[in-house]
Amino acid sequence: MGYRSLAECVRDLQATGQLVVLDEEVDPHLEAAAIQRRVYQAGGPAVLFRRAKGTTFPLLGNLFGTLERAKYLFRDTLESVRCLVELKADPGALGKNPWRYRGLPRTLWRLLPRRVRSGPILAHQIAVDHLPRVQCWPGDGGPFVTLPQVYTEDPDRPGLARSNLGMYRVQLAGNDYEPGREVGLHYQIHRGIGVHHAAAIRRGEPLRLNVCVGGPPALTVAAVMPLPEGLPELAFAGALGGRRIAMVAPEGCLPMPAESDFVICGSIDPHQRKPEGPFGDHLGYYSLRHDFPVLRVERVYHRDGAIWPFTSVGRPPQEDTCFGALIHELTGPVIPSVIPGVRAVHAVDAAGVHPLLLAIASERYVPYAAVRRPQEILTIANAILGQGQLSLAKYLLIVAGEDDPSLDIHDIPGFFAHLLQRVDWSTDLHFQTRTTIDTLDYSGHGLNQGSKVVIAAAGPPRRALAAELPAGLKLPEGFRDPRLVLPGILAIQGPPYRSEATDLATFGHWFGPDEPIRGLPLIVIVDDSEFTARSERNFLWVTFTRSDPAADIEGIGAFIDKKHWGCSGPLIIDARIKPHHAPPLIDDPEIERRVDDLAAPGRPLHGVY
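Under the working numbering, read the sequence shown as residues 1 to 609, first letter to last.
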């Protein structure tokens, strides 16, 4: 049976050696988050900060810091949730193996939230400025709730059945917010809360919501799950947590989980906006100040012994990487049932998740053709880009599974080698321009604005990939220090970026038809080629977070034919930092020295990181 509360979870982790307690006072301003990041990088335990400066509440960091611990938290229910997912993918499996699904009635019962008259969350009320104020990065606009569960209901059809529980960032103070009365709410355009907010705007009424923090760990995971329409996150939390979610509704507030640790109750005006941010985000850069909705705080509840869970995001991998891994384990089998023909999809964490998708799919069109080329996989690519969070991708690289049935989508070098051996740059690039991208991605031409490209490859290999730098390689003036990243992929250090396409066009026109660079199908222009080529992780982060396909892709021998863009030679991606990009996240040196001291011999975190 799953945990009833977060405190129950903490006690279990401490008893099993999966949690360390820090009794020394820690500052929620930068220091707690820096410690959490260090512990995460070391694969360490959850950390309970008993004495946090400026608050009476303990903080909990790194709860989901390893996939093994995340799976341990739900060890009693993972198999039953997998069974639900399997039946979603193949309903006929129930008749084929009824014994495997013998626990299905119990799991289905747990999907139903239950209403209760009272609960631990209603024990106390405080002011919002008494909540812990965790700030993760020096340039953040203030303290944020980093593991919120934001609950809303459909204004047209209120009730638990059509509710949404999502993880949308909440800024507790700073900027122009009225102290103690207002907090900021940032959500991305495709999220479920957006549908509810649009309905409230259409009706001309405030959107009521609750910001819940803590409670059973299943609620936190449910808030980040990409669930299909019609399945409330509360239902999933019941299945994953092993018990029906108890919901209590004090007068004047929406229902809230009875076992939550904290709940901020209020509403957002349909028309009011105020600047929110900056915030150090999961792409490894700051998301900047922009106007977003404002939550007018009416009440703040907390339970006895309340614990404030938090995380820190930044350049991946971070703790949210484990969320992604757990979600993949649970939902991977259902993808082919949602998008027929898809065999696997991988949102690449090292590239910031949303910027880069890899996919393997079926290519069954014209099976009698002498030479196979991308056809069905292009249809499938359009379907992938129409699915929820997958729609935020900038680069979708898709290949035909029939060409190599053993290809592993999580083998990044292997996938790139397979694609680059087969891709035809004159036909296999397909752009979408002036469309929506991730709100947190500043590589495009405006907030939520950018482009996408599908790179599709099918058929036999058409080239061998260079495994070393070609002899006699010459570069145009200002370009230097070529480094081989992976077979067939070359990073070249370019001059500082000046203006759109100027340097790229010069670079692409410089090479003649017989230049040795033509043996390398992908060239990336970067600010620091040594850093880019140092690791696969660096290559993915630099290339796909610092480029917008329509603006930053060029090619040797480029042409436009009937509005189709292609090139006869290598593809070039300009992954230099541009003036409109957001600044990267940089640690505060003084904070890092204090964190180092906590891990010195004889100090409380010695051996933890």
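These are computed hints drawn from the structure, not numbers from a lab. One thing to keep in mind: the hints can contain errors.
[As the list claims (entries may be wrong)] Under the rule of at most 30 Å between Cα atoms (straight-line distance), these lysine-lysine pairs were calculated in the BS3-like manner:
{"no.": "1", "residue 1": "Lys88", "residue 2": "Lys71"}
{"no.": "2", "residue 1": "Lys88", "residue 2": "Lys274"}
{"no.": "3", "residue 1": "Lys578", "residue 2": "Lys563"}
{"no.": "4", "residue 1": "Lys474", "residue 2": "Lys562"}
{"no.": "5", "residue 1": "Lys53", "residue 2": "Lys88"}
{"no.": "6", "residue 1": "Lys274", "residue 2": "Lys53"}
message: Please verify whether Lys578 and Lys563 have alpha carbons no more than 30 Å apart.
response: It holds: about 27 Å lies between the C-alpha atoms, which stays within 30 Å.
query: If you draw a straight line from the CA of Lys474 to the CA of Lys562, is it 30 Å or shorter?
result: violated (33 Å)
- prompt: Taking only the CA atoms, is the gap from Lys88 to Lys274 under or equal to 30 Å?
  reply: violated (42 Å)
task: Decide if the proposed pair is consistent with the structure: Lys53 and Lys88, CA atoms, cutoff 30 Å inclusive.
output: violated (47 Å)
query: Quick one, are Lys274 and Lys53 close enough, alpha carbons at most 30 Å?
result: With Cα atoms ~28 Å apart, Lys274 and Lys53 stay inside 30 Å; holds.
field: Pairwise hint evaluation, Lys71 against Lys88, where the allowed Cα distance is 30 Å at most
entry: holds (21 Å)
The structure fails to meet hints 2, 4, 5 from the earlier list, while all remaining hints are met.
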